[in-house]
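Q: Please construct the entire structure, taking both the sequences and the accompanying hints into account.
4 protein chains.
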Amino acid sequence: MINVGIAGASGYTGIELVKLISNHPQATLCAVTSNSYKGKALTDLFPSMRGFESLICEDLDIPALARKIDVIFLALPHKISMQYVPALLEQNIKVIDLSADYRFTDAAAYESAYQVHTSKHLLNESVYGLCEIYRDQIKTSSLIGNPGCYPTSILLPLLPLLKEGLIRPAGIISDSKSGVSGAGRSLSLSSHFCEANESFSAYKVGNHRHTPEINEILSLQSQQPVTITFVPHLLPLTRGMMSTIYAQATDIATETMIRDTYDAYYGDEPFVRLLDKNLYPAISHVRGTNCCDIGIHFDETTRQIILVSAIDNLLKGAAGQAVQNMNLLFGLDDATGLNWVQGFL
Amino acid sequence: MINVGIAGASGYTGIELVKLISNHPQATLCAVTSNSYKGKALTDLFPSMRGFESLICEDLDIPALARKIDVIFLALPHKISMQYVPALLEQNIKVIDLSADYRFTDAAAYESAYQVHTSKHLLNESVYGLCEIYRDQIKTSSLIGNPGCYPTSILLPLLPLLKEGLIRPAGIISDSKSGVSGAGRSLSLSSHFCEANESFSAYKVGNHRHTPEINEILSLQSQQPVTITFVPHLLPLTRGMMSTIYAQATDIATETMIRDTYDAYYGDEPFVRLLDKNLYPAISHVRGTNCCDIGIHFDETTRQIILVSAIDNLLKGAAGQAVQNMNLLFGLDDATGLNWVQGFL
Amino acid sequence: MINVGIAGASGYTGIELVKLISNHPQATLCAVTSNSYKGKALTDLFPSMRGFESLICEDLDIPALARKIDVIFLALPHKISMQYVPALLEQNIKVIDLSADYRFTDAAAYESAYQVHTSKHLLNESVYGLCEIYRDQIKTSSLIGNPGCYPTSILLPLLPLLKEGLIRPAGIISDSKSGVSGAGRSLSLSSHFCEANESFSAYKVGNHRHTPEINEILSLQSQQPVTITFVPHLLPLTRGMMSTIYAQATDIATETMIRDTYDAYYGDEPFVRLLDKNLYPAISHVRGTNCCDIGIHFDETTRQIILVSAIDNLLKGAAGQAVQNMNLLFGLDDATGLNWVQGFL
Amino acid sequence: MINVGIAGASGYTGIELVKLISNHPQATLCAVTSNSYKGKALTDLFPSMRGFESLICEDLDIPALARKIDVIFLALPHKISMQYVPALLEQNIKVIDLSADYRFTDAAAYESAYQVHTSKHLLNESVYGLCEIYRDQIKTSSLIGNPGCYPTSILLPLLPLLKEGLIRPAGIISDSKSGVSGAGRSLSLSSHFCEANESFSAYKVGNHRHTPEINEILSLQSQQPVTITFVPHLLPLTRGMMSTIYAQATDIATETMIRDTYDAYYGDEPFVRLLDKNLYPAISHVRGTNCCDIGIHFDETTRQIILVSAIDNLLKGAAGQAVQNMNLLFGLDDATGLNWVQGFL
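Chains as they are written, first to last, in our numbering: chain A, 17 to 361; chain B, 17 to 361; chain C, 17 to 361; chain D, 17 to 361.
No lab work stands behind these hints, which were simulated from the structure alone.
Every clue listed holds true.
Partial chain B-side listing against chain C, Cβ under 7 Å, derived:
hint	residue
1	Ser217
2	Met258
3	Val324
Among the chain A residues that face chain C by a calculated CB cut under 10 Å, a handful are:
hint	residue
4	Phe62
5	Ser64
6	Arg66
7	Glu214
8	Arg289
9	Thr305
Sample of chain D residues lacking proximity to chain A, with all beta carbon distances greater than 12 Å (derived):
hint	residue
10	Lys84
11	Ala125
12	Tyr150
13	Leu203
14	Thr270
Small disclaimer: the values here were computed from a predicted structure and weren't measured.
Where is the CB? At the ideal position from N, CA and C, for every residue including glycine.
A: Written out as structure tokens, the structure reads:
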């Protein structure tokens with residue numbers, strides 16, 4: 017059994033991790049931490065957890081944790097994570113960090129979007145936890161930078177075509193939409209029910225900090241500079257995310273090549289589902305699952321490719337992918353403890 | 017033209033008043049105040065108001081207001097209202113107070129549910145602004161305690177039957193449900209989109225402070241002590257309220273008498289709509305209107321009467337009724353400036 | 017392993033059963049039937065099921081089924097179920113019927129609410145599948161009448177107090193609220209998004225056909241005639257149900273006795289959660305679980321008891337309870353295959 | 017006073033017209049027709065209309081209508097409209113057709129997206145009712161093809177820049193999102209509450225029939241062939257629409273020129289609101305209004321222009337714009353009877 021700790025269990029991603037690990041056949045939840053709710057039972061914060069009264073939020077005390085856990089999920093804000101990661105690694109605790117702190121290879125790119133990085137040397141050791149693309153590196157790593165939700169929904173559809181030269185690196189656009197849980201459990205006017213309900217809005221047009229993360233991975237993987245246009249929007253629903261991606265096909269691309277490429281990359285993947293021609297994803301079809309559904313439209317005349325992807329932002333976009341990473345770190349199948357998740361109304 | 021001021025314009029009730037007065041054919045909006053947003057344009061707080069850039073939030077400076085307004089709506093929190101009301105009245109400004117501060121005749125009842133009352137003497141002068149019941153008194157008053165949303169939805173259906181002796185005063189139950197806007201624009205976890213959406217909950221079971229307000233009016237109007245059971249619930253929608261009320265008929269009551277009584281009370285009222293037998297209200301039918309729809313079920317065998325009422329909590333439950341009160345204060349028809357409101361999808 | 021068939025897999029309850037059985041460690045899904053979608057893959061009807069392409073809807077052909085299944089869930093409309101049940105039992109297939117056809121002991125009560133019963137003799141053999149109350153009888157039965165969703169939410173809180181003489185049988189009221197999935201997947205104007213969204217309404221006031229089902233069980237279990245007042249309402253959310261129940265305490269009742277009684281009945285139950293004083297359920301806390309949460313308010317002065325219960329109408333109110341029944345029929349723990357369900361945002 | 021008829025009053029657009037005309041200071045509603053609900057009161061179809069019991073759905077009997085109305089709104093399905101329009105015009109009834117039947121100049125374009133056109137000769141007489149662009153022609157016309165909702169949300173932001181040569185005609189993309197009311201009141205699985213709620217999906221990717229309408233107007237107005245990429249999506253909300261539009265600036269374009277151009281086109285328009293830099297529209301800000309809000313992002317380096325527009329699909333996208341057209345047809349200000357509409361929570 018894998019002994020697991022979850023730091024920041026009081027947020028939406030944290031509680032989702034708690035539920036996933038509680039259901040995991042090869043893992044035991046040994047510690048949950050919360051800075052704001054130290055000493056409180058998780059059931060007091062999340063009454064849906066009634067029956068799990070023994071889960072008490074504790075301090076993030078690394079020596080104490082080292083005595084009981086093999087791996088820790090950090091569901092902490094950016095910047096806070098890197099305060100703990102070096103010491104955790106020294107104690108031989110594997111780390112799956114859900115903040116942005118270890119997603120970047122290029123410290124300057126990180127710093128342009130976030131703040132000064134205090135453990136740059138670890139950026140060479142950390143692996144970007146997009147399991148379908150970085151599986152081999154993940155298996156032998158001790159530090160995973162779990163991908164952002166928007167990047168997951170954009171990279172999974174784009175990478176196969178870009179790496180195989182079927183789309184042009186220039187002019188890629190992702191028009192993305194996220195449910196409100198993506199903004200977390202902290203209070204803000206934009207997450208107030210009466211403001212988000214029956215509304216829809218664009219925000220951070222052209223300057224969302226997930227953009228450099230997306231660009232870095234696209235560039236590294238396709239070995240050329242790629243800069244996409246990314247516009248996020250807020251959906252009036254709790255969980256789910258969709259990206260509608262516009263790209264130009266290269267001259268060699270055909271519909272068959274496109275579909276064959278996806279098959280080669282994802283045909284055996286448990287959590288990527290390619291849709292047949294003329295079918296497109298819906299958030300309801302992936303909500304509550306760890307799946308990324310991808311629909312493909314290719315107009316042979318205009319050479320335009322439209323990719324539509326859907327994920328559950330809290331699962332494949334956060335906690336689900338984090339558990340998939342844990343499975344890889346410990347030599348388990350990707351789907352262990354995740355295949356019960358099958359969506360719901 | 018009536019010159020109008022609105023205090024507390026930055027809340028949901030306040031902005032609703034702004035819209036109603038802006039559309040009112042006999043009123044001019046001369047001042048809006050906000051404690052938190054002094055100097056800010058209302059359009060910055062509520063972008064739906066773009067086009068009304070001239071509305072700037074000012075201080076609640078009574079002498080300054082006295083030079084430009086005839087009447088003021090106080091969309092302020094309980095306790096804050098009574099800090100201003102005596103001075104406003106001295107300046108001959110009529111006051112329609114949307115807080116609870118002047119809804120009670122009995123100061124002790126007010127103090128048991130709220131706090132010490134600092135201008136008790138005015139409780140004899142203030143009139144409870146339930147227009148259909150207190151119309152005559154309202155017309156000659158200078159200080160209106162605008163009813164709470166729950167009380168409005170409960171009193172309108174109950175009072176005719178109780179006053180005419182068709183239902184028993186004992187054992188009345190109101191199971192009430194409110195949209196999230198009833199909790200205002202302030203941030204709280206229970207108003208967070210992800211917590212309220214796809215949920216429904218009971219709260220303050222047996223001790224909501226609208227209960228003494230309801231009991232006082234029922235008792236005064238029926239000249240007997242009445243104590244109801246009131247359980248509020250939170251609906252996952254922005255605006256709207258429903259009360260399902262259970263009472264026992266007295267021996268004399270018949271279905272015909274019940275319907276005739278309602279006709280006598282409300283047949284000519286522009287904002288109370290009695291539904292035919294076997295029809296019941298829906299919140300969508302009253303949302304965006306100043307109407308209270310009432311459905312009636314009477315079981316002759318068990319003698320049980322079930323009343324179902326629906327209102328828009330921000331209109332008939334707050335700002336709409338407040339404007340109806342203003343109309344009465346200034347000798348206008350109840351519906352002036354309110355009859356354009358006809359519901360919407 | 018238990019070999020399972022699901023009839024009527026194309027409805028919301030049917031697909032929920034498919035998901036539960038697919039995840040069940042002791043059961044194998046051997047057949048799904050659908051009258052409307054014969055020959056179609058379930059993934060075509062429910063794209064969230066992608067990955068389960070082998071599930072093809074077949075005919076409800078009893079001899080063919082008899083060769084492969086031990087038990088069948090009938091997620092069929094009332095009246096259709098009883099066309100199949102006698103023949104299924106003859107083939108030694110255990111039956112868990114989610115329609116109303118075998119919920120009643122008294123055929124006349126059934127017929128007053130539904131239609132002529134064509135296999136009345138089986139009403140003596142069938143057991144009402146409210147697991148917490150009828151567990152022993154269920155274990156030795158072959159035919160389960162799975163409770164309605166409203167009755168489940170009302171009977172679980174009421175029965176302990178009524179059986180132990182702590183509440184009076186007269187004057188009980190249940191004000192109940194259901195999500196839209198309770199009305200099924202068939203198209204109707206009241207389930208149209210634009211009609212249900214941002215609305216709330218009372219329907220079938222005083223004459224919903226779940227009333228005789230509730231009355232029969234309350235009467236049988238408490239050995240006295242009980243007739244409740246039941247008013248259902250439609251909530252603007254997909255799944256979840258709440259009942260707010262009003263009753264009068266008998267003279268002997270005390271708060272301690274009430275809580276002790278619940279503890280005695282449900283203290284060891286995996287799917288009934290009693291809330292501490294001053295806490296009340298929310299639908300979000302039970303959605304996606306098989307739990308019934310119960311909150312209790314007792315006013316010692318007025319002797320009024322208010323019970324608030326919440327369930328997921330598709331789980332404890334339908335498919336989840338049906339699987340719990342299957343577990344009992346086959347000697348498994350109630351929670352087998354159901355305890356992974358822990359709610360979600 | 018203008019005497020008005022509304023055909024197809026029983027749909028969502030129809031009832032919205034009924035409400036607008038009922039509130040219009042210069043118009044009288046003289047007739048409502050419905051094919052499905054002949055003889056029925058509108059209040060039976062739309063209980064929110066209680067109080068307007070006199071509105072009875074009648075036949076679309078042209079000679080009878082000719083005796084009482086000056087203008088008719090046709091809120092009828094495509095193809096049905098053109099069965100009536102020639103005869104209506106012969107009776108000197110002005111026609112505002114909300115179907116697609118008279119939106120096109122090029123009959124072949126219409127026929128490629130819809131069906132055979134049976135009154136092609138009228139396509140030269142009809143005027144495309146996008147008021148801000150075709151105001152002069154509308155004023156002198158008798159037949160208005162009221163724009164589609166998606167085209168309105170796309171053409172208003174695009175036309176000024178395209179006409180003034182500030183964006184390139186090639187490679188324009190509109191990623192558009194509509195509320196469920198856009199699909200009408202007819203029953204369909206995709207409009208079922210449980211399917212649309214908490215979901216979001218792309219549909220008709222690359223082949224929605226609003227595309228040729230958009231292309232024709234863009235091409236006519238900019239005097240060059242323009243073909244855009246248009247992907248519609250379904251939002252989980254009742255009313256509202258947003259288009260996020262991606263285009264490339266021409267070499268001459270500067271931020272100042274772009275904003276000046278919009279000012280020149282729309283500075284005096286009552287229903288187009290240009291947002292300041294770094295502000296973007298939200299559906300909640302336009303819902304219940306006849307406004308189109310436009311946000312503008314220009315990246316000087318990449319030369320990419322992102323335009324974000326929001327409208328209420330039932331108002332500026334249908335009934336509101338239709339009334340604006342009526343105002344122009346009868347020499348009134350655009351905003352007559354429309355300026356009370358100011359949005360709501």
